[in-house]
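Protein chains: 2
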Amino acid sequence: MPNTPADEQRINAIRFLAVDAIQKANSGHPGLPMGCAALAYTLFTRHLRFNPTDPHWFNRDRFVLSAGHGSMLLYALLYLTGYELTLDDLKNFRQFDSKTPGHPEVGRTPGVEATTGPRGQGTAHAVGLAIAEAHLGAVYNKPGQPVVDHYTYCLCGDGDLMEGISQEAISLAGHLKLGKLIFIYDDNHVSLAGPTDLTLTDDPIARFEASGWHTQFIDAGHSNDVATIDQAIHVAKNVTDRPSLIAVRTHIGFGSPRQDSYLAHGEPLGPENVKKSKEELGWPLAPDFYVPDDVLAFYRESVGKGRELQAQWQTLYDAWKAANAADAAQLERMIAGRRPADIPWPQFDESNGALATRDAGGIVMNAIAASLPELVGGSADLDPSTKTYLKDCGDFEPNAYAGRNVHFGVREHAMAAINNGIALHGALLPFGATFFNFLDYCKPALRLAALSEIHNLFVFTHDSFMLGEDGPTHQPIEQLAMLRATPRVNVVRPADSLEVVEAWKLMVNAEHIPWALVLTRQKLPFLGKRDAAVSKGAYVISEAGGGHPDLILIATGSEVSLAIDAQKLLEAQGRRVRVVSMPSWELFDAQPQAYRDAVLPPSITARMSIEAGATLGWSRYVGERGVAFGIDHFGDSAPAAVLAKTFGFTAENIAQLATDSFALSTR
Amino acid sequence: MPNTPADEQRINAIRFLAVDAIQKANSGHPGLPMGCAALAYTLFTRHLRFNPTDPHWFNRDRFVLSAGHGSMLLYALLYLTGYELTLDDLKNFRQFDSKTPGHPEVGRTPGVEATTGPRGQGTAHAVGLAIAEAHLGAVYNKPGQPVVDHYTYCLCGDGDLMEGISQEAISLAGHLKLGKLIFIYDDNHVSLAGPTDLTLTDDPIARFEASGWHTQFIDAGHSNDVATIDQAIHVAKNVTDRPSLIAVRTHIGFGSPRQDSYLAHGEPLGPENVKKSKEELGWPLAPDFYVPDDVLAFYRESVGKGRELQAQWQTLYDAWKAANAADAAQLERMIAGRRPADIPWPQFDESNGALATRDAGGIVMNAIAASLPELVGGSADLDPSTKTYLKDCGDFEPNAYAGRNVHFGVREHAMAAINNGIALHGALLPFGATFFNFLDYCKPALRLAALSEIHNLFVFTHDSFMLGEDGPTHQPIEQLAMLRATPRVNVVRPADSLEVVEAWKLMVNAEHIPWALVLTRQKLPFLGKRDAAVSKGAYVISEAGGGHPDLILIATGSEVSLAIDAQKLLEAQGRRVRVVSMPSWELFDAQPQAYRDAVLPPSITARMSIEAGATLGWSRYVGERGVAFGIDHFGDSAPAAVLAKTFGFTAENIAQLATDSFALSTR
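Residue numbers (this note's numbering), protein chains in the order written: chain E, 2 to 668; chain B, 2 to 668.
For the record, the hints were derived by calculation from the structure and aren't laboratory data. Hints may contain errors.
You can't tell identical chains apart in this list, so a pair holds if it fits in one copy or across any two.
[Said to hold, decoys possible] Taking lysine-lysine pairs in the DSBU-like style, the calculated list, with each CA pair at most 30 Å apart, reads:
id : residue 1 : residue 2
1  : 506       : 646
2  : 646       : 92
3  : 92        : 392
4  : 392       : 530
5  : 306       : 392
6  : 25        : 524
7  : 92        : 524
8  : 646       : 25
Quick caveat: nothing in here was measured; it's all calculated off a predicted structure.
Full structure from sequences and hints, please.
Spelled out as structure tokens, the structure:
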């Protein structure tokens, strides 16, 4: 059925807001907004449930523009439908500190659900949103009272689907039978560098079907046939026993002289082509950013419709709340990001004996799990090793969405990005665990967590060559430096069980930032009852005999006990040695200068850092006269004790090095 | 057809060498060697063309054990078939500096083709090996003289196939129709943490078919039916118009009490279960590491067969060489890793004007391409942006394997790992290009390149927030620190076209190490004809007026010209300022102390580093009194000039900061 002239006008309004904004910025990607305008129009005006005046309405449908380079498509729709986004904001596209950055950034623009742009991430973020919805619905909904009940849509391009993370996300979503997750594939046959068939000849339908998805392919009459798109979305919504894919044959740069060419992908059309495009589609050449009054009026009906939708839901919610006061209080607490006051933090003392920090972590998580229903997550097929399984919380599996243990499979990258989505949904606090070395696999998603200020908890175990026999392919070296160099990530490497529990307190009570908890495979001694000042990043864990140290050993994690052993040897030689435990650089750097100087007095220049990782960056703490002791080469496959000796991580070697350093510094 | 008793004995010999070695090490993964022994036996004794006495025979079939945790399967076969690996080596499994590390490491064990263990990597390495074979065959083979003509086999597990990188590799291999690539999937229904259907319910056959692969599923009579496996491999080899998958239903831990349980996956069986397994399969309980003489004799026939295969090939090769002397000389040069003496390196001077280093890089690559036929590679769908397209070298596409431009698609991770495989094949020098920020996507493969000492060239463009409007999702911050913290990677960030050409000289002529070339999107001025000592990592690019500097500005890449501008301002104020260009930390750190002290005299403590990236690590060069100027927060979406000003990357701000620093340092 051909579109009505009114539909065409409304679709063209999206196209030319995007084209004009990109042309004004002289930067951007016009191809996607032009090619996807009709399908986005259909989705936003006929299906998506949202309230532009309350972008945080908890039960709204979620829409993720995984193909984030098409940001102007989204910004145009957010403006048209009445979000707090003005025409001036569109005119500020890609300008400093604007609400309309080059790629969508969550938290910066009302209505943007996820930061996207790095290809593929949005697909996994969407899966996370859908997992959160399924879980919360399973836990809180009552018969006839579906208080959490919405769809998650994801618009993705060929770039998203070529990235491996999308396969991880698709495979897991299919396994989990997430029935309210709908992907729309912008099947435009063109990528940045040329036609997609230069490098991509997969059958996308078959690929999704192999993972158990419902699929539809529509060639919607030159991509403009609203009725066809509308019908496909209807079908997808009604398939609730598995996720749905709608592949839509679109035409990149639709209506422009560059239509169906990769030239439409990544650069402005240029004034001449803008003019030709407007002529081709019957759009007034002037003014720029033109939106006919009736078009705007039509879109702005979304405001009233949205308010009504939310009001209906509120009525439902109020009735549910009246009948389920405790549930409601809990859900509202979780949505607000408040933690209960009475979390039963476990106590550790000498009686626990030597304990790997991964084991201590598992004890903490299981101790607090019952009081923190928002804590959901899992590992990348390593529960038995990472110790992160929540024993009494059930598995999140098809038809058992109330379970809190997600079996992510060997899919570190999707795990991290899915957890971003879970956190972005609201109410939940996700965690994901794997071996520290495999941080490498999920780094792009961790970066997005930091950029998006997402409270996502990463648990990394097997944190050094001390994991032993698995060898250098599994032994992290540079990973601590990678994390520390990344803005806005808090890294904590605890020295014993007491620091683990302190770290978890910080992680649970923090907001708006990802945390990386870095834990050992091997057992570590309990370092004594004390005020383990993890929140301050570093503290004196063992002072020099008689005070007045003239040497400071600074260590993290498993090397703190080693430093204390070395301290004993040195003190026996008459040295005065302070040991500083420094579980977190970021937290220490945030302390007042006075505190930092108290822990690391500037007058004491004989300093040595000890950490089983790359030494990069340590010179800022040990100074010019200090020694950064670590491991700047790959490990080896051997029992941990053999490696410790070979690589010099023994108290004797540390003491010897420190003695040398101390001697040097007094010359 | 049931196996003969002789077959069974030979298969069990593999199983129990693995079981005994793992038990002796008290560490390892017995499940895979026990479950895959029959299929590996069939492959190695009936199909794989190799010569144990010359593991480097150029035309051998390649075998990649992507499921690297099953290393003992491979070690057992290498020992049995007569590689330079002794029974004592097997007894040293997982011991320090042994030939039998926990996961296979190329270069350490004869017969190991790739370092594997981090899941999924082997699949892409195998695709790289097959690409290299296809390319070399297309270039050098003559009718009747297929001097490069071998299969590449990859044994992978569910962990490999869950990782996104495998999808990228599968998708590209299918697109490229790599007919001599055969994957064998160890379909054992069990992963480390439990049954795979806890998290994986894909139809693997359908998934591979969606990417155009030929597929077979065999349930080989309790996984032991050699005839069935043999037949499937025959079929796969005969399908030469596309890659082949053979999914084999196997039984993890076959024959042990833990058969078909995840408990067999990742830990030794324990003495009691070893005993029971031997009883179950009718194997003598003693001695350990028992191999019946006739079994060993049978396997050792591989030595004679291998010599004969190689001799036959040598005859073919000699005839080909006689008729194609120039080709042979070229191929032999490339295999030896020697570069031609007469590479036409381009000259740059003022007449080139301002040039982005990415553009300079493209000019260099195209200038040298004709004389360096070993240079093959491409970008992750970013040729127009990374400028890495080799204009006269054709595309590597189905039925056009002589082309040298590989269109990797938006598959950064597979690109990097495939290039590892291309390099490991021998003869070729691969490069892969993407935006610097997307280093994150390929980090695991870059790490393997470093660990495996692979000469793999990474070209990263758009190297700072100065890429502008694409915004913080695309603007690298921590990536330089990530690379510098990683052992055994050389990083070069050139300041202008002259440094670019010097960097390429180093990269082309080096061996056994990956390089990361970090280039700008924006134009940079030409910094003058000079001896740009890139090979020394850092050099004085602009000395203080009159010599005797009392302040040193140290900069890399695009910030060098900025530093020189700041120097001018400071000199105008009467300061004496040296500017050091430091394109590579690794190369500088490798210089003698005297050279380093000449560039950065210890007496000059007023130092400031300037780099548009995280400052982590710079304190080692600027010292306690110095200033590390960089950007330790995320960027923004805006024109580059706006960002430069906002973030303080202007000559005026640098000069001001330097003045302040200098004043401080003299107090």
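Can you name, in rising order, the numbers of the hints this structure does not satisfy?
As far as the earlier hints go, 1, 3, 5 are violated by this structure, in ascending order.
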